[in-house]
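Colleague: For this one, chain A is given, so just place chain B on it according to the hints.
Those protein sequence lines, which keep their order, are chains A and B.
In terms of this note's numbering, the numbers along the first sequence are unbroken and rise by one, the last being 124.
In terms of this note's numbering, the numbers along the second sequence are unbroken and rise by one, the last being 590.
Don't take each hint at face value.
Mimicking SDA-like on lysine to any residue, the simulated pairs with C-alpha atoms at most 20 Å apart in a straight line are [stated by the list, open to error]: (1) K45(A) x H437(B); (2) K561(B) x G388(B); (3) K203(B) x I105(A); (4) K351(B) x E393(B); (5) K58(A) x S464(B); (6) K53(A) x S464(B); (7) K207(B) x Y197(B); (8) K118(A) x E434(B); (9) K58(A) x L516(B).
Example chain B residues on the side facing chain A (calculated, C-beta under 10 Å, incomplete) [said to hold, decoys possible]: (10) F193; (11) A196; (12) S303; (13) R359; (14) P404; (15) S411; (16) Y426; (17) Q433; (18) V462; (19) K474.
Think of the hints as simulated: they come from the structure by calculation, not from any bench.
C-beta atoms are modelled at their ideal positions from N, C-alpha and C, and glycine is treated no differently.
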Amino acid sequence: MANYISDETIDYVAILAKLELSAQEKEQAKKDMAGMLDYIDRLNELDTSGVEPMSHVFPVQNVFREDVVTGGDESEAILSNAPASKERMFKVPRTVE
Amino acid sequence: MKLTELSATQLSARIRGKEIRVTEALDEVFKVISEKEGLLHCYVTLEREKAYERAKEVQQKIDRGELTGPLAGVPFALKDNLCTEGTRTTCSSKILENFVPAYSAEAVKLLEKAGAVFLGKTNMDEFAMGSTTETSYFGVTRNPHDPKRVPGGSSGGSAAAVAAGECFAALGSDTGGSIRQPASFCGVVGMKPTYGTVSRYGLVAYGSSLDQIGPITRDVRDCAAVLETIAGHDPKDSTSMARTDTDFTSALGEDIKGMRIGLPRDFFQIQGDGLDPQVASAVREAAKVLEDRGAVVEEFDLSLVEYAIPTYYTIASAEASSNLERFDGVKYGYRAPGQEELHAMYKKTRSQGFGPEVKRRIMLGSFVLSSGYYDAYYLKALRVKALIKRAFDEAFQKYDCILGPVAPTTAPRLGESLSNPLKMYLGDIYTIAVNLAGLPAISVPCGRDDRGLPIGLQLIGDCYQEKKLLRAAYQYEKAAGGGIQEKKAVEGRVGL
Numbered sequence: 028m029a030n031y032i033s034d035e036t037i038d039y040v041a042i043l044a045k046l047e048l049s050a051q052e053k054e055q056a057k058k059d060m061a062g063m064l065d066y067i068d069r070l071n072e073l074d075t076s077g078v079e080p081m082s083h084v085f086p087v088q089n090v091f092r093e094d095v096v097t098g099g100d101e102s103e104a105i106l107s108n109a110p111a112s113k114e115r116m117f118k119v120p121r122t123v124e
Numbered sequence: 095m096k097l098t099e100l101s102a103t104q105l106s107a108r109i110r111g112k113e114i115r116v117t118e119a120l121d122e123v124f125k126v127i128s129e130k131e132g133l134l135h136c137y138v139t140l141e142r143e144k145a146y147e148r149a150k151e152v153q154q155k156i157d158r159g160e161l162t163g164p165l166a167g168v169p170f171a172l173k174d175n176l177c178t179e180g181t182r183t184t185c186s187s188k189i190l191e192n193f194v195p196a197y198s199a200e201a202v203k204l205l206e207k208a209g210a211v212f213l214g215k216t217n218m219d220e221f222a223m224g225s226t227t228e229t230s231y232f233g234v235t236r237n238p239h240d241p242k243r244v245p246g247g248s249s250g251g252s253a254a255a256v257a258a259g260e261c262f263a264a265l266g267s268d269t270g271g272s273i274r275q276p277a278s279f280c281g282v283v284g285m286k287p288t289y290g291t292v293s294r295y296g297l298v299a300y301g302s303s304l305d306q307i308g309p310i311t312r313d314v315r316d317c318a319a320v321l322e323t324i325a326g327h328d329p330k331d332s333t334s335m336a337r338t339d340t341d342f343t344s345a346l347g348e349d350i351k352g353m354r355i356g357l358p359r360d361f362f363q364i365q366g367d368g369l370d371p372q373v374a375s376a377v378r379e380a381a382k383v384l385e386d387r388g389a390v391v392e393e394f395d396l397s398l399v400e401y402a403i404p405t406y407y408t409i410a411s412a413e414a415s416s417n418l419e420r421f422d423g424v425k426y427g428y429r430a431p432g433q434e435e436l437h438a439m440y441k442k443t444r445s446q447g448f449g450p451e452v453k454r455r456i457m458l459g460s461f462v463l464s465s466g467y468y469d470a471y472y473l474k475a476l477r478v479k480a481l482i483k484r485a486f487d488e489a490f491q492k493y494d495c496i497l498g499p500v501a502p503t504t505a506p507r508l509g510e511s512l513s514n515p516l517k518m519y520l521g522d523i524y525t526i527a528v529n530l531a532g533l534p535a536i537s538v539p540c541g542r543d544d545r546g547l548p549i550g551l552q553l554i555g556d557c558y559q560e561k562k563l564l565r566a567a568y569q570y571e572k573a574a575g576g577g578i579q580e581k582k583a584v585e586g587r588v589g590l
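So here's chain A without its partners, still in its complex pose:
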């Protein structure tokens, strides 16, 4: 394998991904990611200088609609899916001291 993923890298990526990996998952993730990156590196065989990155296939930009209220008050239905709620709000664990 040409790519080597260090512990530091995998820890950093796990922070970005908001995932907590077990020691075993971490080793597997290092291997999987290195393997995928080796494969993705094949793209470097292609000369893409002067090619604009294409994020969207169709040239559709700035799709606006009138800013009018539609639909009804669905707060009850939406809150019914919340793991915890209080006084029509989402309840979460402590965020500040």
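Modeller: Just chain B, lined up with the frame of chain A:
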């Protein structure tokens, strides 16, 4: 002829002609489900009571002449990443095990308006990440043609249900082949429309620039009828297109004399384990059938075929890592118990709620988007995507359609694929470039291998050229005697 051997449009015609009642159709479908579901496991959630209630309502509307369309009264299945108001929508993930949407996807609403009766939600790879339906939190789905094999994925439950007679038609979603490949493995028809043709409103997002909803059906006519019903501009999806050419069934009658069909030479010379010779010869046979019907078939070099896979996995993983950030245990879904601090709650929730394949793609996506690697990986992939689109543009200057296989092999055995993710990804080689370029493509059964497993052909069209694909697919199906006959063979084989 048994009721469950009819196509969706044939069934609806009989219902509208007062030969059959909607509840009788439901009785038959639920009979098949009770016989086969225990083994095949096509569904995550069945809604029997709701279906019967709804059948009564639809019957009344038909009787009053209010529902006259080609899908009125048809028992339908929906992939479990399509939001359904009041029916749980899990994406086959633990993290959404108890999620009950407050609204339905636009495509679901359009089918409802057309008189479809929903049976339930079908199994899939978790968050549509996978090619076998084995990454589902709720267990595997089995292929109706051989229960030791996978149905393909990620829309494996939908394809297996259509093939087994556990519904008359289904919706799937296709990000890199997730409609076409399972349709091919299960011997049914599946279509991914041009990006923007069907609203993604209410489809749980995986790779937003690639995702499209589409039909999985017993024959090409059903496919056209379903697509015609669900296509349309939707202001709630800013990537949705205003098209005026969505009368897809009108294309079916036309012949294909003079249609130019390109057969990419490079599709037949791929690396790795390569293309199964039986699949290759079935596709070449299909080319001859189309030639006999007046098409002009020619080999050509498409180029860049092998680069589509790394491009796709970079872009799809990047988008997935962003889209799946919303699953954090706050607004819906699973929350890890006993957490007293917010960030710990996020981490535990996601780590316990997502399966290995989803985590793998979120990790890869987070990496390719991270500072320092963004240009080298993510932007590089977007540049190659532009080259791939260009290669297709050039091909479509010469050809009306591109013909090739859907997958390099027929359905693999259960348990064979997940141990080697990279190998599983290689199986997507013929389908994923289509999503990168936003093109429409259809998968149609074209014979069987020596184990009796279905082989699928794929017809790829230029943007907005679904009608050409449907025309060619319909002519092929007629000439090859496919469609409902294929279906009968399944009934015979499963023999449960």
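Colleague: Take the hints in turn and mark each one as holding or not.
Modeller: Hint-by-hint comparison with the structure:
1. K45(A) x H437(B): This hinted pair holds, its Cα atoms lying about 8 Å apart.
2. K561(B) x G388(B): holds, 17 Å
3. K203(B) x I105(A): Distance ~19 Å between K203(B) and I105(A) Cα, so the pair holds.
4. K351(B) x E393(B): The hint holds at about 18 Å.
5. K58(A) x S464(B): holds, 19 Å
6. K53(A) x S464(B): holds, 18 Å
7. K207(B) x Y197(B): Holds, at about 15 Å.
8. K118(A) x E434(B): Holds, at roughly 12 Å.
9. K58(A) x L516(B): holds, 12 Å
10. F193: With a minimum Cβ separation of about 6 Å from chain A (threshold 10 Å), the hint on F193(B) holds.
11. A196: The hint holds - A196(B) has a Cβ within 10 Å of chain A, the shortest such distance being about 4 Å.
12. S303: OK, holds: S303(B) within 10 Å of chain A, min 6 Å.
13. R359: violated, 19 Å
14. P404: holds, 4 Å
15. S411: holds, 8 Å
16. Y426: Check passed: Cβ of Y426(B) comes within 4 Å of chain A, closer than 10 Å.
17. Q433: At about 6 Å, which falls below the 10 Å cut-off, the nearest Cβ of chain A leaves the hint on Q433(B) intact, so it holds.
18. V462: holds, 8 Å
19. K474: holds, 5 Å
When the structure is compared with the earlier hints, a violation turns up for hint 13 alone.
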